[in-house]
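Residue numbers (the UniProt record's numbering), protein chains in the order written: chain A, 1 to 428; chain B, 1 to 558.
Take the hints with a grain of salt, since some may be wrong.
[Unchecked claim] Only pairs whose alpha carbons sit at most 25 Å apart, straight line, appear in this in silico DMTMM-like list of lysine to aspartate or glutamate: (1) A/Lys283 - B/Glu280; (2) A/Lys405 - A/Glu393; (3) B/Lys86 - B/Glu192; (4) B/Lys19 - B/Asp304; (5) B/Lys22 - B/Glu293; (6) A/Lys405 - B/Glu256; (7) A/Lys380 - B/Glu256; (8) B/Lys264 - A/Glu393; (9) A/Lys288 - B/Glu3; (10) B/Lys334 - A/Asp259; (11) A/Lys380 - B/Glu192; (12) B/Lys264 - A/Glu184; (13) A/Lys283 - B/Glu302; (14) A/Lys90 - A/Asp259; (15) A/Lys283 - B/Glu3; (16) B/Lys224 - B/Glu3; (17) A/Lys380 - B/Asp249; (18) A/Lys288 - B/Asp416; (19) B/Lys188 - B/Asp416.
Treat the hints as calculated values from the structure; they're not laboratory data.
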Amino acid sequence: MSSCCPPPKMARLKYATDFDKSVLLNNFDTRGWVQVSTDDDWNIYWAGVHNIRNIFSVECGFRMGDDQVINHFPNHVELTRKDLMVKNIKRYRKELDKEGSPLAEKDENGRYVHLDFIPLTFMLPADYNLFVEEFRKNPNTTWIMKPCGKARGIGIFLVNKLSQLKKWSRDGKGNSFVAPTAKETYVISKYIDNPLLIGGKKFDLRLYVLVTSFRPLKCYMYRLGFCRFCTVKYNANVSELDNMFVHLTNVSIQKTGEDYNAIHGGKWTVENLRLYLEGTRGKEVSDKLFDDINWLTVHSLKAVAGVISNDRHCFECYGYDIIIDDNLKPWLIEVNASPSLTATTSSDRIMKYNLMSDVCNIVIPPGEFPDVRWNKVPAKENYGNFDLLVDEELAQAELLSQEVKARAGASNATVRGARDLRKPTTWK
Amino acid sequence: MNEDQVAEQFIVDLLQFLKSSKLYTDLFNAAQIEAFKPSLRVSELRKGVQSGLINGGWDRKLRNAIYHYLHTHPQQPTLPDPEHNKEPLLYIRKAQQTWEKKILKSLNSMCTELNIPLARRRAEREQKDMAARWTELGTDGPDERPWISLKSPGKEPGSIPIPSAMPTSTDTWRHKNLGQIRPVYAPKDFLEVVAGLQNTNYQNSVSNGGSFYNFWGIIQVPVKLKTINQLRVQYSEMSINQCQTGVDDLPDIPSELFDADRAKLGNKVLAANHAPVAREFSKKGCPDSMRGEMWCQMLGVEVDEVDILYYEQLKTCVLQHDLLVDNLLYKDVKLTATNDDHYFVFEDYLYQVLLPFSRDTVILKHFSHNCATPPKSYIRGKLGVEEFAVVYPPNGVIPFHGFAMYVAPLCYVYNDVVTLYHVFRQMYIQYFFRLHSVSSDPQGIVALSLLFEILLQTNEPELFFHLKNVGCQPLKIAFKWLMRAFSGFLASDQVLLLWDRVLSFDSLEILPVFAVAIFSFRKSNLMKVQTYNAAEAVLADVTTLQVVPLLQLALFSK
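The task is simple: from the sequences and hints, build the whole structure.
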């Protein structure tokens, strides 16, 4: 337990927030930080996504000082809106392909070997014709429709007949001259109909990824993510297509089910998942799965690194939603800019509290005021439950120093464990 | 009988056992195949067949079979009174009998009160329905949904809502009324029995006001125990200078130091497929990915077609009859695993293990060396007529509150239900049964409880005295841990590491040692408490504890 009054040396930061969430407020308060209104001179602003647009808009004319940080990047939607993320990843793959990068290697079916980590996806209505073509190729696949601008499982439905999509076809639209807004656009993705089941139930992963900079990329993976379980036995049967309890793992959906358990909330820690997989499937495949997850996270971030405006004042903690299929291949479903800070259970509360605390420690060196001129290299003891995925700057520096050492004849100086994930070279 | 005769008898029994096993037939067939080989000379028939069998790995199988036989059939002189074999002390035997009567009575009264039979044959349609739902017994079947909307029909309070016509299906009944089923007994009730044991030979001194033989703790039975030094020798593989799985193989430790070699060695051990070797290896813990096979080797579980068939048969038995015990098992899972954030995902697995378990008469075998006797019931109208007596439930085990937790951690190790079942059954008849029957065996719960108290007194006399003074006998808190072998109290990976040690050292004594370790570890907080509730609060959450370092602390630090 941290004491209620901080040591005198600790900097008393001023914080502002749009959220009235205890995991956040308690965290700031125990640090001895002082709450101020959003109009005041805050040092850290934990903003809701809706306010970010205003803060960074040109009309607002607001400019942040060197001692101010904020929890979103201005155009995070490039990663966190379903359609934009897909667009960026597709573009990223094409670019790598053009460069002739080995990462863009394709197999005999024209699929990317290393970068095939999102389910086949089309935008509607824009890609309607492309979709129809694909649909006719495999008429027996199930597809999942998601509105681009909504979260928490709202407006999602499953499709297995073209007729269900008449509304979104170009011809079906009343006036095709008006560009559709985010509210009207949908993404349609191939439904992962062979999910890994545990105890016969479907689940997805919610992992937390912290990005402190996109160029150079500096990102961290949180160790205490969790699995969200459906309360109902999984059933790929078409007759169950309407039963959303079978298919969607969103807590906001499952919570309304009558089998929802308020003690654990259908949440299972990633540590338990790992224990189970190692026990029942072996260490090698489990290691590979978690390596693959890190891999897809890094590349999803690299895919948007070029388009995100890399403001020095910003950091962001994303909620990654991942589904694992029964071949133990992870699929990136979507990325949330503002993962829920509402705690559903007591262990959830502890986890989220720690998450917020660890985020703060990485973003602002403990006891200090934020300073955007800082090189954003936190001390290792401040990582908490985060693991460094990539720090391109550090990797670069390390590479240089290794070269220097190699020249000096001390090539054997750096022997590092093969499982040290901090070295991006372990991912292929 | 003198010693030679005993040994002779033992060999005869062993041979008899081997001859009636499947291994015998398999060996016989293999020997025939060897003998048929054209390369074999008649003059060297014996030698040739023998070496052929050895090359084919049959000697390992035979050795394993004998090892497991020796293991489960301790060599002992056959006493004139078979009861004596089970439990030499009369007063303990009596206590167990009284306890059994009490459980049975409470079971019977539940039957009467709720107006449900002990057993009932399911109708054809019901059987089919249940078979279809076999892998999802935890969730409501579709045709039972209407019951949920029918609940609380607004009758006057106090009336027991039993449908006036006899229920057509007990499964639907279960839905409405599982709330009224209560566990037959909980660790707290059993602790009372254990604490109430009195050695009649000591009675005089106590009644005379003398308390020479009174122990500090609540267990008042003198049982021979190991001293801390004997335990140190027994668990020497766990000493602090030895690398341990679960401690020295964490991801942030370079794998060259321990993990890589450990994995290599583990693979060799598994390939050897010899139980004593697997035991020796596992004393330092099993790597998560090897645990499944390692445990099977230690327990002598090798699932073949016969085992699969056997499980299917048990499943059929479950489908055919609905037992009152099923309600107890359902209720137990719902009260424990379903609400546990480590185990809720395995709810359906638990039913698939526990329900067949209650039908498995192989379990009855363990009553030959257990002080307990399987409860009997009589066919309707034939009460008391011995020929109409049946063991109820068929496996002779009435589950208590928390019974399901013996199975739950195994779900992290075995994905296949049949293997899961057989491993659990073996663990039950080798270890777990001892945790809920009264006996003077050094592995029994009475001895384990006393060992806990004595060790705590020796290691932490100050703490023990303080707790006793504020009216909080330490065993009152630790007993439930012991009785459930810590399952459901620790994090899942930690229970498995603890059970690694139970299996590899072939002893439950590690449980009280670990309980002492917990008290030691929380000592500074416990020294501050003034009430039982406060002490309980300090020890309420032990999920963050690391088993191996704490064991080392308790065993080797003083």
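Subject >> Holds or violated: A/Lys405 to A/Glu393, with C-alpha atoms at most 25 Å apart >> reply: holds, 18 Å
Subject >> Pairwise hint evaluation, A/Asp259 against B/Lys334, where the allowed Cα distance is 25 Å at most >> reply: holds, 12 Å
Original post:
Do the alpha carbons of B/Lys188 and B/Asp416 lie within 25 Å of each other, as the hint requires?
Top reply: violated, 34 Å
Original post:
Is B/Lys86 within 25 Å of B/Glu192, Cα to Cα?
Top reply: Status holds; Cα separation ~22 Å.
Subject >> 25 Å Cα cutoff - pair A/Lys90, A/Asp259 >> reply: violated, 39 Å
**OP:** Quickly compare the C-alpha distance for A/Lys405 and B/Glu256 to 25 Å and report which way the hint goes.
**Re:** holds, 23 Å
Subject >> Hinted pair B/Lys264 and A/Glu184, Cα distance within 25 Å >> reply: violated, 57 Å
**OP:** For the pair supplied as a hint, A/Lys380 and B/Asp249, confirm whether the alpha-carbon distance does not exceed 25 Å.
**Re:** Measuring from Cα to Cα gives roughly 20 Å; hence the hint holds.
Original post:
Between B/Lys264 and A/Glu393, is the straight-line Cα distance small enough, at 25 Å or below?
Top reply: Violated, at about 37 Å.
Subject >> Hint consistency between A/Lys288 and B/Glu3 [alpha-carbon to alpha-carbon, up to 25 Å] >> reply: violated, 59 Å
Original post:
Can the restraint linking A/Lys283 and B/Glu302 be considered satisfied, given a maximum Cα separation of 25 Å?
Top reply: holds, 22 Å
Original post:
Is it true that the CA of A/Lys283 sits at most 25 Å from the CA of B/Glu280?
Top reply: holds, 22 Å
When each numbered hint is compared with the structure, violations occur for hints 8, 9, 11, 12, 14, 15 and 19.
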